[in-house]
Amino acid sequence: MLSTLNSLVRWTGATLALTALSAGLATAQTTGKLKVGFMLPYTGTFASLGTAIENGFRQHVTELGGKIAGREVEYFKVDDESEPSKATDNVNKLIKRDQVDVLIGTVHSGVAMAMAKAAKESGTLLIVPNAGADAVTGAMCAPNIFRSSFSNWQPGYAMGEVMAKKGIKKVVTITWKYAAGDESVKGFKESFEKGGGTVVKELSLPFPNVEFQGLLTEIAATKPDAVFTFFAGGGAVKFVKDYAAAGLKGTIPLYGSGFLTDGNLDAEGAAADGLFTALHYADSLNTKRDNAFRLNYAKTFRMQPDVYAVQGYDAAQMLSIGLNATKGDATKATDISAALRKATIDSPRGPFTISASHNPVQDFYLRQSSAKEKENKVVGMASAKLADPGRGCKM
Amino acid sequence: MDLTTFLIQCLNALQYGLLLFLVASGLTLIFGIMGVINLAHGSFYMIGAYMAFALAPFVAASVGGGFFTTLLFGLILAVALGYVLEWAFYSFLYTREHLQQVLMTYGLILVFEELRSLLVGDDVHGVQAPDFLSGSIPLGDMMVYPVYRLFISGVCLLLALGMYFVFAKTRLGMMIRAGSTNREMVQSLGIDIKFLYRVVFAAGVAIAVLAGMVAAPVSSVYPGMGGLVLIICFVVVVIGGIGSIRGALLASLLIGVVDTFGKVLVPQVAGVLVYVLMAVILLWKPDGLFKAG
Chain Z
19 MLSTLNSLVR
29 WTGATLALTA
39 LSAGLATAQT
49 TGKLKVGFML
59 PYTGTFASLG
69 TAIENGFRQH
79 VTELGGKIAG
89 REVEYFKVDD
99 ESEPSKATDN
109 VNKLIKRDQV
119 DVLIGTVHSG
129 VAMAMAKAAK
139 ESGTLLIVPN
149 AGADAVTGAM
159 CAPNIFRSSF
169 SNWQPGYAMG
179 EVMAKKGIKK
189 VVTITWKYAA
199 GDESVKGFKE
209 SFEKGGGTVV
219 KELSLPFPNV
229 EFQGLLTEIA
239 ATKPDAVFTF
249 FAGGGAVKFV
259 KDYAAAGLKG
269 TIPLYGSGFL
279 TDGNLDAEGA
289 AADGLFTALH
299 YADSLNTKRD
309 NAFRLNYAKT
319 FRMQPDVYAV
329 QGYDAAQMLS
339 IGLNATKGDA
349 TKATDISAAL
359 RKATIDSPRG
369 PFTISASHNP
379 VQDFYLRQSS
389 AKEKENKVVG
399 MASAKLADPG
409 RGCKM
Chain D
107 MDLTTFLIQC
117 LNALQYGLLL
127 FLVASGLTLI
137 FGIMGVINLA
147 HGSFYMIGAY
157 MAFALAPFVA
167 ASVGGGFFTT
177 LLFGLILAVA
187 LGYVLEWAFY
197 SFLYTREHLQ
207 QVLMTYGLIL
217 VFEELRSLLV
227 GDDVHGVQAP
237 DFLSGSIPLG
247 DMMVYPVYRL
257 FISGVCLLLA
267 LGMYFVFAKT
277 RLGMMIRAGS
287 TNREMVQSLG
297 IDIKFLYRVV
307 FAAGVAIAVL
317 AGMVAAPVSS
327 VYPGMGGLVL
337 IICFVVVVIG
347 GIGSIRGALL
357 ASLLIGVVDT
367 FGKVLVPQVA
377 GVLVYVLMAV
387 ILLWKPDGLF
397 KAG
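Chains as they are written, first to last, in this note's numbering: chain Z, 19 to 413; chain D, 107 to 399.
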């Protein structure tokens, strides 16, 4: 709600720039400028994520000399404010007004679902650089819709495998009652119960409520072997701190999806020390590819890259691979899809491929947080080459 | 649920209720007693939390730090902020319609959030509880209870008692109550009502900021935190009865119990229970539990 004014100002600027430009533009599909439309959160809680994604994307385009498949790249931006109710209007600004060739967005799953719907109807190429809603590469899947990040199911499933292998038997899960939390817990439960464990209690609270004390007491009374959780952002910080303050950290180990600690270690401090999480990226991969990416990013943008920057960077890589196959024509979705299905994307996170439903098939790292070094360190592989089942996808 | 767990849950409910009162009490003054629909209340709370985060290093560098010194600094700044805001904006609102009050205070939310983003950035931050309050008390065989949470409850009880005393027993409280019933009459008795309201408003802002500062170590500090507490604060004031401090305290405790036990016993509908409670109470007593005046 914050950013109504803000986006108004931004828009007016964009519209003016557009009118000036559209006069000179011929609509050749493979030769003129390639119009890339960012629909990302530039204000509100997820503002820093939107910036990281855009930075990552621009970094790869710069590496390619400012061109993708021989076409010069021109950017259009809309602030989606992480506001699902405005999503359809916002995405249509890019599709109908700016007539972009490709959409890049977004962080919020609800907004991404609206984008997927619009992309499906208009046939515009869409690459989702974060939002994990399973349905984007499930029931909503289409030849022109891709994801460079993860599905909510994936980190949960990876962690379930790890915990079952560790011989943990009884687990309580706790999350917000909304799509990302539910899907993550569902993925966890699937692999954990397959591995012989039991989920004895599924606790949840309404999003974005952060009063955990009553549920922590429930956990203490249930006395499980371990707890699996999905929280992100400010709520994750409060949960990790409350969990430690309630004295549970020493007695009932806490495991979670990587968003529990990513970008939050500063705020969580000692309470996060030693926690295990699963994610497709970590701070200390120490591969040649990742080191080069991180150095370059830090030099250009004067800040450290995170998982969101990597996802933005890989969205640009996927776009480039797809368009190279069609000589720059963004409308040939089936050819782009065929090229990407065959490709291996050389990501800073490690190489990954694209599943039949267009979600990354990738390694999930088991990471342990270190409060002293403020890093999520890789301590092993949670699940190698994990593919989302893409349930409900008919393509 | 065995007896120990039940008792611990009661403590959780009580503690959450008291925290709610702490957060909502500033709104009781500004909305309840002065009658201004103040949507920016959540922003004042957020400002408090960010002060706890941002002032601490500054205070430590200039006067050697200390938890209570930081609180004092924050309160002085908050009173000044409240005084200026009342003079510049709110003083024009008393006689205006509710819609105009909503518009202006909503505008303030946008301004404060954007300022916060410019000054401190969009990252999540943690705030350390002071060392002498960072211990914990064992509770049952699995849990411990952080001392700082008990400290918050203590602050809240003191605040409730203090507010009740000022309003019910002092001459100042009498003038404020009279002013909320009939402004012109109070003015004609020779009391400077404008100045009086400015002071009450500044006190309301200061209490909201205090709540933010005291709650920061348990709530953390993050963008949009003000919006999260705003609605529940209005629920507290409306259930309690507009302008009643006693009512707000009772309403907070009721919500604490309903919310805590709701999440544990009927998690499927926990999100709406508090509002069901509000609806039931308003059907039974349309003016809230204790309407003042």
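Simulated from the structure, these hints should not be mistaken for laboratory data. Quick caveat: nothing in here was measured; it's all calculated off a predicted structure. We put the beta carbon where it would ideally sit given N, CA and C, even for glycine. Treat the hints loosely; a few may be bogus.
Calculated cross-link-like contacts (lysine to any residue; reagent style SDA-like; alpha-carbon spacing at most 20 angstroms) [claimed, not checked]:
no., chain 1, residue 1, chain 2, residue 2
1, Z, LYS241, D, ALA235
2, Z, LYS195, D, LEU379
3, Z, LYS241, D, ASP108
4, Z, LYS390, D, ALA235
5, Z, LYS219, D, VAL375
6, Z, LYS51, Z, GLN117
7, Z, LYS392, D, GLN207
Distance windows between CB atoms, simulated [claimed, not checked]:
no., chain 1, residue 1, chain 2, residue 2, range
8, Z, GLU211, D, LEU205, 30 to 40 angstroms
9, Z, ARG320, D, GLN234, 23 to 33 angstroms
10, D, GLY296, Z, PRO102, 52 to 62 angstroms
11, D, HIS204, Z, GLU139, 39 to 49 angstroms
12, D, GLY246, Z, PHE225, 38 to 48 angstroms
13, D, GLN206, Z, THR216, 21 to 31 angstroms
14, D, HIS204, Z, ASN342, 22 to 32 angstroms
15, Z, ARG320, D, PRO236, 32 to 42 angstroms
The hints, checked one at a time:
1. LYS241/Z / ALA235/D: violated (28 angstroms)
2. LYS195/Z / LEU379/D: Answer holds: LYS195/Z to LEU379/D is near 15 angstroms, not above 20 angstroms.
3. LYS241/Z / ASP108/D: holds (13 angstroms)
4. LYS390/Z / ALA235/D: holds (19 angstroms)
5. LYS219/Z / VAL375/D: holds (17 angstroms)
6. LYS51/Z / GLN117/Z: Answer holds: LYS51/Z to GLN117/Z is near 12 angstroms, not above 20 angstroms.
7. LYS392/Z / GLN207/D: violated (45 angstroms)
8. GLU211/Z / LEU205/D: 30 to 40 angstroms: For LEU205/D against GLU211/Z, whose Cβ atoms are near 54 angstroms apart, the range 30 to 40 angstroms is violated.
9. ARG320/Z / GLN234/D: 23 to 33 angstroms: holds (28 angstroms)
10. GLY296/D / PRO102/Z: 52 to 62 angstroms: holds (56 angstroms)
11. HIS204/D / GLU139/Z: 39 to 49 angstroms: holds (42 angstroms)
12. GLY246/D / PHE225/Z: 38 to 48 angstroms: violated (29 angstroms)
13. GLN206/D / THR216/Z: 21 to 31 angstroms: violated (58 angstroms)
14. HIS204/D / ASN342/Z: 22 to 32 angstroms: With a Cβ separation near 60 angstroms, HIS204/D and ASN342/Z fall outside 22 to 32 angstroms, so the hint is violated.
15. ARG320/Z / PRO236/D: 32 to 42 angstroms: Given a distance of about 34 angstroms, which is inside 32 to 42 angstroms, the answer is holds.
When the structure is compared with the earlier hints, violations turn up for hints 1, 7, 8, 12, 13, 14 and for no others.
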